[in-house]
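Residue numbers are given in my numbering: position 165 of the sequence shown equals residue 165, and the series is strictly consecutive.
Among the clues, some could well be false.
[As the list claims (entries may be wrong)] Computed list of lysine to aspartate or glutamate pairs in EDC-like fashion (alpha-carbon distance at most 20 Å, straight line):
| hint | residue 1 | residue 2 |
| --- | --- | --- |
| 1 | K80 | D36 |
| 2 | K80 | E164 |
| 3 | K83 | D174 |
| 4 | K248 | E281 |
| 5 | K80 | E195 |
| 6 | K83 | E195 |
| 7 | K83 | E175 |
| 8 | K80 | D174 |
| 9 | K83 | D19 |
| 10 | K83 | E210 |
| 11 | K80 | E175 |
| 12 | K83 | E69 |
| 13 | K83 | D96 |
| 14 | K248 | E164 |
[What the hints assert, rightly or not] Quick list of the computed label-pair ranges, beta carbon to beta carbon:
| hint | residue 1 | residue 2 | range |
| --- | --- | --- | --- |
| 15 | S223 | G181 | 13 to 23 Å |
| 16 | Y47 | S183 | 37 to 47 Å |
| 17 | P34 | E84 | 14 to 24 Å |
| 18 | H207 | G182 | 43 to 53 Å |
| 19 | A198 | H130 | 38 to 48 Å |
These are computed hints drawn from the structure, not numbers from a lab. In this text, a Cβ means the ideal position worked out from N, Cα and C, and glycines have one as well.
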Amino acid sequence: MTPIAHPPLTIAICSNRPDLLPGAVARTTAAIGPRDNLLIIADMPAYHLPALPTSSSLPLLRIRVICNEGNHGLAYSRNKAMKEATTRHLVFLDDDIVPTAEALTQIRAALAAGAHVTGTRITAHLQGHHCPWFLTSGQLHYLGSHAPARPASIWGGSFAIDSEHARLLGVGFDERLGRVGGSLSSAEDTTFVREMTARGATAVILHDAEVQHLIPAHRLTLSYLLRRAFWQGRSEARRNDAWRGMGKEWNRNWSGDGAHPVRAALAVLYTASVLLGVLREAIAQSRAGTANVEAGGDQ
């Protein structure tokens, strides 16, 4: 497959939050290219769908909305976007990301140069809220944002794929992972990237391309961050990467800024929450396996 010089993009927003969709559409409209389309996968019944803004630069003709008629999860929605996109290249943006025309230009250039997966740096925007003492740069990944002083990696909030190449390799998003309903499960994005590169795909991280992630006040609480760490542990266990994941989480939490005693205490606290998630998922899988064996024996 020959790369296209200036490929048109399908910008996909997968969301189960109707209150955030109008803002997400407005922000994307301001950054989208003249040949690009916007695809919204609404993980909700159609009657929950809000009215969406339009503009002269992005008329309704270039916006397509598909409702899942229920909450099937982020990975399910990403897979549907891959099937429904009308272009070879697909950009995934979360509904709380602020994209820029420059970031999309760099994504387009990377894809045109032959990248099969590419992503941008994601910066946390606290929207004027005070940063609490228990949130250092070592915990920013729990907010889907990169630590300023560390190299970025490809994360689902802002990344793009060559969907034709993904289909050729037989790679999709693992629907055991990713957000479903009120859970904070994750890793459907990084698992996808890992599978792509393991099968020979080219992945490029655009360290100089940056988008902002809007962080609401309720995520700047210790209870939310510990819950997010707990679900990180469950996600690592679900993709059979628990122990390497534990090491990764310890290193991230320890790497934060601030005084040594505080960093050490936070590393222990958050990594312990990850461990609890790993153990909880191990128990759930064990019970499910036992139930399956018993059901098989009753047949």
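Against the structure, the hints:
1. K80 - D36: The given pair, whose Cα atoms are some 18 Å apart, holds under the 20 Å limit.
2. K80 - E164: It holds: about 14 Å lies between the C-alpha atoms, which stays within 20 Å.
3. K83 - D174: holds, 15 Å
4. K248 - E281: holds, 18 Å
5. K80 - E195: At roughly 18 Å apart (the allowed maximum being 20 Å), E195 and K80 satisfy the hint.
6. K83 - E195: holds, 18 Å
7. K83 - E175: The given pair, whose Cα atoms are some 15 Å apart, holds under the 20 Å limit.
8. K80 - D174: The given pair, whose Cα atoms are some 12 Å apart, holds under the 20 Å limit.
9. K83 - D19: The hint is violated at about 26 Å.
10. K83 - E210: Roughly 27 Å between the alpha carbons, so the hint for K83 and E210 is violated.
11. K80 - E175: Roughly 11 Å separates the two Cα atoms, so the pair holds.
12. K83 - E69: Holds, because 17 Å separates the two Cα atoms, which is no more than 20 Å.
13. K83 - D96: Since the Cα atoms of K83 and D96 sit roughly 23 Å apart, the hinted pair is violated (cutoff 20 Å).
14. K248 - E164: violated, 31 Å
15. S223 - G181: 13 to 23 Å: Because 18 Å falls inside the window, the suggested range holds.
16. Y47 - S183: 37 to 47 Å: Check failed, 23 Å falls outside 37 to 47 Å.
17. P34 - E84: 14 to 24 Å: holds, 21 Å
18. H207 - G182: 43 to 53 Å: Since H207 and G182 have Cβ atoms about 34 Å apart, the given range 43 to 53 Å is violated.
19. A198 - H130: 38 to 48 Å: holds, 42 Å
Hint compliance for this structure: hints 9, 10, 13, 14, 16 and 18 are not met, and every other hint is.
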